[in-house]
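Take a look at the letters that make up each chain.
2 protein chains.
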Amino acid sequence: MTRFYESIERHLVAVDCVIFGYDIIDKNLKLLLIKRRFEPLKGGWSLPGGFVNDDESIKEAAGRVLKQLTGLEQVYMEQSYAWGEPGRDIGGRVITISHFALIKIQDIDPVMQEASAAHWRNITRLPDMVLDHSNLVGRALKELKERVKVKPVGFELLPEKFTLVQLQDLYEAIYMKNVDKRNFRKKILSMNLLEKMDEKEKETSKKGAYYYKFLPEKYEEFRRQGFYFNLDVN
Amino acid sequence: MTRFYESIERHLVAVDCVIFGYDIIDKNLKLLLIKRRFEPLKGGWSLPGGFVNDDESIKEAAGRVLKQLTGLEQVYMEQSYAWGEPGRDIGGRVITISHFALIKIQDIDPVMQEASAAHWRNITRLPDMVLDHSNLVGRALKELKERVKVKPVGFELLPEKFTLVQLQDLYEAIYMKNVDKRNFRKKILSMNLLEKMDEKEKETSKKGAYYYKFLPEKYEEFRRQGFYFNLDVN
DNA sequence: CCAAAAGTGTTAGGCTTACACCCATGC
DNA sequence: GCATGGGTGTAAGCCTAACACTTTTGG
Numbered sequence: 001m002t003r004f005y006e007s008i009e010r011h012l013v014a015v016d017c018v019i020f021g022y023d024i025i026d027k028n029l030k031l032l033l034i035k036r037r038f039e040p041l042k043g044g045w046s047l048p049g050g051f052v053n054d055d056e057s058i059k060e061a062a063g064r065v066l067k068q069l070t071g072l073e074q075v076y077m078e079q080s081y082a083w084g085e086p087g088r089d090i091g092g093r094v095i096t097i098s099h100f101a102l103i104k105i106q107d108i109d110p111v112m113q114e115a116s117a118a119h120w121r122n123i124t125r126l127p128d129m130v131l132d133h134s135n136l137v138g139r140a141l142k143e144l145k146e147r148v149k150v151k152p153v154g155f156e157l158l159p160e161k162f163t164l165v166q167l168q169d170l171y172e173a174i175y176m177k178n179v180d181k182r183n184f185r186k187k188i189l190s191m192n193l194l195e196k197m198d199e200k201e202k203e204t205s206k207k208g209a210y211y212y213k214f215l216p217e218k219y220e221e222f223r224r225q226g227f228y229f230n231l232d233v234n
Numbered sequence: 001m002t003r004f005y006e007s008i009e010r011h012l013v014a015v016d017c018v019i020f021g022y023d024i025i026d027k028n029l030k031l032l033l034i035k036r037r038f039e040p041l042k043g044g045w046s047l048p049g050g051f052v053n054d055d056e057s058i059k060e061a062a063g064r065v066l067k068q069l070t071g072l073e074q075v076y077m078e079q080s081y082a083w084g085e086p087g088r089d090i091g092g093r094v095i096t097i098s099h100f101a102l103i104k105i106q107d108i109d110p111v112m113q114e115a116s117a118a119h120w121r122n123i124t125r126l127p128d129m130v131l132d133h134s135n136l137v138g139r140a141l142k143e144l145k146e147r148v149k150v151k152p153v154g155f156e157l158l159p160e161k162f163t164l165v166q167l168q169d170l171y172e173a174i175y176m177k178n179v180d181k182r183n184f185r186k187k188i189l190s191m192n193l194l195e196k197m198d199e200k201e202k203e204t205s206k207k208g209a210y211y212y213k214f215l216p217e218k219y220e221e222f223r224r225q226g227f228y229f230n231l232d233v234n
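Chains as they are written, first to last, in our numbering: chain A, 1 to 234; chain Z, 1 to 234.
Mixed in with the good hints, there may be bad ones.
Identical chains blur together in the list; that is why a pair holds if it fits in one copy or across any two.
Said to hold, decoys possible - Calculated lysine to any residue pairs in the SDA-like style (CA-CA distance at most 25 Å, straight line): (1) 177 <-> 229; (2) 59 <-> 132; (3) 187 <-> 233; (4) 187 <-> 156; (5) 142 <-> 164; (6) 142 <-> 219; (7) 177 <-> 223; (8) 145 <-> 23; (9) 35 <-> 9; (10) 151 <-> 135; (11) 67 <-> 87; (12) 35 <-> 5; (13) 145 <-> 229; (14) 177 <-> 222; (15) 177 <-> 224; (16) 59 <-> 151; (17) 213 <-> 77; (18) 35 <-> 6; (19) 59 <-> 141; (20) 151 <-> 78; (21) 67 <-> 5; (22) 142 <-> 231.
Keep in mind that the hints were calculated from the coordinates and are not lab data.
None of these values were measured; they are calculated from a predicted model.
Sequences are here, hints too, so could you generate the full structure?
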């Protein structure tokens, strides 16, 4: 493969993952962070990342990092931004391509999480982070906010079945503002993307709240017909 | 700088530029393409690109490529996407970070353009392109469409002074659909971002159309006050 | 005087927003 | 029977979209 381009400078290329999770109990949007396991800056709070191997795509590299940390595959992940200031990594010039992933907190393999020393941290109270990782987080969060407005990806952060209250709480956590309950319900239900189940969630209230589930096939069908998801909320 | 990370595989990292221009006369959105000057695929239609040097950021590399081709600096440019499939470049594994730039066609240095064998090609009639460059274009175009709706960047493609008809034609070329004249004018003028000049453009009509200019300072001021540019058009 | 392009307002309907009370149940 | 959280409807106004004629002037 490498017959041409031989005299050209090469670079270390990495991927970093901004892994979002949502805690349905304390209603906080969270990030999965690790303590950096190598020098320089060993022990500092860091995004999970890794170098891109010769035989894998960027996407595969990011997927590999995510799987090593969480045990999860087929996770919703988007490329975010390529960071390449020559001085951004004090250990040498590294170009990193940040991604953000949305995972269901409860799906994570607890053994793996323990082994990798990964920690969930509230998005509102992040520690100081290594290198420019706070910037990567900031950008990913901004992109997430835009994305959940126009694509039904919030469900990636919730269990299969969830109540409308939980869904609203999630949106409030992401938008970082309150949302009108009646308008929110009207809007999301009017899209016909949710199926109401018979079962009720009874932990958090005496009356109980109906579970719903998201119908991805419906979304695909409507999309093909020109429908645009929109949950722009006051 | 390179004390750590020594044993790790390195990669060729490039930038490619999707350079948009708008021809006010024939009302076409165009791309600046070149004939590839080196093997493999020498002579094929290609996006202008180049490898990232050791001492420059990704943004600088893209700026350098753009300047070499057009003579222009301080051009509106956004990073688009990092493309890294191992097999995407038949000459060896190259990770490329695509960008899109918006330039005023008439600003380009004609000597430079000649020398670099750069050609403007209508977006609606692009030639077959080398490697995966059609994909990079597709993505950049999609991002441009989104961007002009929510950010006043269309003006980057027009001369300093332009008529409302010209502005509308530009939006029609980007959106690839017709726009209602009265609604378009109402909307753009209501934002108070344009200044009407006394002068008229008299080439294209006997009556003549008033020139306007965009006021970037106004935009900045309004932005700070929480204003969001929006030109979502029917 | 005519052809060609610039410029201009109004209306109906849909969507957004604001807002407060009843319901079901466990204790 | 009461406290707790779940669930529901309506009205005002704002924004969007549809639509056609008048103005100017060079030839």
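Right, here's what the structure says about each hint:
1. Taking CA atoms no more than 25 Å apart as the test, residue 177 paired with residue 229 passes in both settings, with 20 Å inside one copy and 22 Å between copies.
2. In this assembly of identical chains, the alpha carbons of residue 59 and residue 132 lie at most 25 Å apart whether taken from the same copy (21 Å) or from different copies (16 Å).
3. Proximity of residue 187 and residue 233 under a CA criterion of 25 Å is satisfied in both settings, with 9 Å inside one chain copy and 22 Å between copies.
4. Taking the closest pair of Cα atoms, residue 187 and residue 156 come within 25 Å of each other only inside a single copy of the chain (19 Å); across copies the shortest separation is 37 Å, beyond that limit.
5. Taking the shortest alpha-carbon separations for residue 142 and residue 164, only the intra-copy value of 24 Å comes in at or below 25 Å, while the best inter-copy value is 33 Å.
6. Within a single copy, residue 142 and residue 219 get their C-alpha atoms as close as 24 Å, and across copies as close as 21 Å, so both meet the 25 Å cut-off.
7. Only between protomers do residue 177 and residue 223 lie at most 25 Å apart by alpha-carbon distance; the minimum there is 20 Å, versus 28 Å within a single protomer.
8. In this homomeric assembly, residue 145 and residue 23 come within 25 Å of each other (Cα to Cα) only inside a single copy, at 17 Å, whereas the closest approach across copies is 35 Å.
9. Taking CA atoms no more than 25 Å apart as the test, residue 35 paired with residue 9 passes between copies only; the shortest distance there is 23 Å, against 31 Å inside one copy.
10. For the homomeric pair residue 151 and residue 135, the shortest alpha-carbon distances inside one copy (24 Å) and between copies (22 Å) are both at most 25 Å.
11. With identical chains, the CA atoms of residue 67 and residue 87 are at most 25 Å apart between copies only, with a shortest distance of 23 Å across copies and 29 Å within one.
12. In this assembly of identical chains, the alpha carbons of residue 35 and residue 5 lie at most 25 Å apart only when taken from different copies (18 Å versus 37 Å within one copy).
13. For the homomeric pair residue 145 and residue 229, the shortest alpha-carbon distances inside one copy (14 Å) and between copies (18 Å) are both at most 25 Å.
14. Taking the closest pair of Cα atoms, residue 177 and residue 222 come within 25 Å of each other only across two copies (22 Å); inside a single copy the shortest separation is 29 Å, beyond that limit.
15. Taking identical chains as interchangeable, the C-alpha atoms of residue 177 and residue 224 lie at most 25 Å apart only when they sit on different chains, with a minimum of 20 Å there against 32 Å within one chain.
16. Taking the shortest Cα distances, residue 59 and residue 151 sit within 25 Å of each other inside one copy (20 Å), while across copies they are farther apart (29 Å).
17. In this homomeric assembly, residue 213 and residue 77 come within 25 Å of each other (Cα to Cα) only inside a single copy, at 21 Å, whereas the closest approach across copies is 41 Å.
18. Taking identical chains as interchangeable, the C-alpha atoms of residue 35 and residue 6 lie at most 25 Å apart only when they sit on different chains, with a minimum of 21 Å there against 37 Å within one chain.
19. For the homomeric pair residue 59 and residue 141, the shortest alpha-carbon distances inside one copy (19 Å) and between copies (22 Å) are both at most 25 Å.
20. For the identical chains of this complex, residue 151 and residue 78 are neighbours both inside a copy (12 Å) and across copies (23 Å), given an alpha-carbon limit of 25 Å.
21. For the homomeric pair residue 67 and residue 5, the shortest alpha-carbon distance between copies (22 Å) is at most 25 Å, but the shortest distance inside one copy (33 Å) is not.
22. With identical chains, the CA atoms of residue 142 and residue 231 are at most 25 Å apart both within one copy (16 Å) and between copies (21 Å).
The structure fails none of the hints (numbered hints given earlier).
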